[in-house]
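**Student:** These protein sequence lines map, in sequence, to chains U and B.
Position one of the first sequence corresponds to residue 519 (our numbering), numbered consecutively onward.
Position one of the second sequence corresponds to residue 28 (our numbering), numbered consecutively onward.
Hints are computed from structural coordinates only; laboratory data are not their basis.
Wrong hints could be hidden among the right ones.
Claimed, not checked - Pair ranges (Cβ atoms, derived): (1) U:Phe563 <-> B:Arg85: 24 to 30 Å; (2) U:Ser579 <-> B:Arg114: 52 to 58 Å; (3) U:Ser558 <-> B:Gly40: 22 to 28 Å; (4) U:Ser550 <-> B:Arg38: 16 to 22 Å; (5) B:Ala194 <-> U:Thr538: 35 to 41 Å; (6) U:Glu523 <-> B:Ala194: 17 to 23 Å; (7) U:Phe563 <-> B:Arg86: 21 to 27 Å; (8) U:Arg524 <-> B:Glu72: 30 to 36 Å; (9) B:Pro146 <-> U:Cys573: 50 to 56 Å.
What the hints assert, rightly or not - Interface residues of chain U toward chain B, partial, derived using beta-carbon atoms under 10 Å: (10) Leu526; (11) Pro535; (12) Thr538; (13) Gly542; (14) Leu544; (15) Gly548; (16) Ser550.
Stated by the list, open to error - Examples of chain U residues lying across from chain B (beta carbon under 10 Å, computed): (17) Phe522; (18) Ala528; (19) Ala531; (20) Leu539; (21) Ile547.
Think of the CB as a built atom: it goes at the ideal place given N, C-alpha and C, for glycine as much as any other residue.
Okay, here's what each chain looks like letter by letter:
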Amino acid sequence: MNEFERELRAALAPEDPPETLAGGILQRIGESSRKPAPLSGQRVFRWAAVAVMACLMLALSADLWRRRQADKAREQLLQAVRITSEKIEYAFHKAAEITEGRNQ
Amino acid sequence: MESPEAFERWRNGDGSAFAEIVQEHQRMVYSMACHALQNRALAAELAQDVFLELHRNRRKIESAGHLKLWLRKVTARRLIDCARKRREANELAGEPAAIPDPGDPLLRGLLQRLVATLPEPGRTMVILRYQEDLDPSEIAGILDTPLLTVKSTLHRSIALLRAKLEAMAGKGVGR
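Turn these sequences into a full structure, and let the hints guide you.
**Tutor:** Now the structure itself:
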């Protein structure tokens, strides 16, 4: 090591930190441990994906339920029409029998 | 100087042991930052950030020796990043503000200021070499840089320092 390097070493001798440094570090650590950890970008994305999926599932379930209700209503209507039609047919049949009995 | 006992206690969750670790290493971290930035407030802030990062990464630290290496590595990385940001923001105009320390001999103060003007990563290499007394192979390990690159960068940085010092001496500053 030459003279210049010796001078450089003397110039770069370690310096004492301010007395408040260690206290400041410990204080910041105390503060950071009290605060809830901030959401990272990845975690925000994950939660957003879960929320979107939940909304989609809800929308699909609601649509499916609506379709089932509509099918049920249609079936009930058809059943009612069928019963009505059977009753009318029966009435016509009876009316026809009575008319035929009078003619004979 | 290294305290494996405090390290083990800290690893096992003893918060008070971290205070001992800070006491033990703060001089090294702060001095590296101070020599590079030539600004005591910024150096203290950077040192705080380094120790906070250490606290967050305590599970990754394997031993007391690894702790010291980790601190040097993270401090060096932050100093290089800091210089890059300042350069990008065009803030590195002229020489950095000198630390007012009237007790220093003239040459020592001048060399400190000149080291702070060196381009990175040469500046950090010079600090690791002459403040921390590390040899080039250790610096290469800390900065993840090939040994030959470290040697040539150190050589260039010293030559640059000499040239700057001689130029200033020619203008009547220094010896």
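**Student:** Do the numbers back the hint for alanine 531 of chain U, that is, is its least Cβ distance to chain B under 10 Å?
**Tutor:** holds (7 Å)
**Student:** Can we keep the isoleucine 547 of chain U interface hint, with Cβ of chain B closer than 10 Å?
**Tutor:** Constraint on isoleucine 547 of chain U satisfied, holds at 5 Å.
**Student:** Within 21 to 27 Å or not, the Cβ separation of phenylalanine 563 of chain U and arginine 86 of chain B?
**Tutor:** holds (25 Å)
**Student:** Given a cut of 10 Å on the nearest C-beta pair, is the interface hint for threonine 538 of chain U held or broken against chain B?
**Tutor:** Since the shortest Cβ distance to chain B is 8 Å, the answer is holds.
**Student:** Using the beta carbons of proline 146 of chain B and cysteine 573 of chain U, state whether their distance is inside 50 to 56 Å or not.
**Tutor:** The hinted range 50 to 56 Å holds for proline 146 of chain B and cysteine 573 of chain U, with Cβ atoms some 53 Å apart.
**Student:** Next item in the hint list is leucine 539 of chain U. Is there a CB on chain B closer than 10 Å to its CB?
**Tutor:** At about 5 Å, which falls below the 10 Å cut-off, the nearest Cβ of chain B leaves the hint on leucine 539 of chain U intact, so it holds.
**Student:** Classify the hint on phenylalanine 522 of chain U as holds or violated, based on whether any CB of chain B lies nearer than 10 Å to its CB.
**Tutor:** holds (6 Å)
**Student:** Classify the hint on leucine 544 of chain U as holds or violated, based on whether any CB of chain B lies nearer than 10 Å to its CB.
**Tutor:** Cβ of leucine 544 of chain U sits 6 Å from chain B, so the hint holds.
**Student:** In this structure, is the beta-carbon distance linking arginine 524 of chain U and glutamate 72 of chain B contained in 30 to 36 Å?
**Tutor:** holds (31 Å)
**Student:** Please check whether serine 558 of chain U and glycine 40 of chain B have a Cβ separation lying inside 22 to 28 Å.
**Tutor:** About 24 Å separates the Cβ atoms of serine 558 of chain U and glycine 40 of chain B, which means 22 to 28 Å holds.
**Student:** Taking the least C-beta to C-beta distance, is proline 535 of chain U closer than 10 Å to chain B?
**Tutor:** Holds, because the Cβ-Cβ distance from proline 535 of chain U to chain B comes to roughly 4 Å (cut-off 10 Å).
**Student:** Mind checking the hinted window 52 to 58 Å against the Cβ distance between serine 579 of chain U and arginine 114 of chain B?
**Tutor:** holds (57 Å)
Taken one by one, the earlier hints all hold for this structure without exception.
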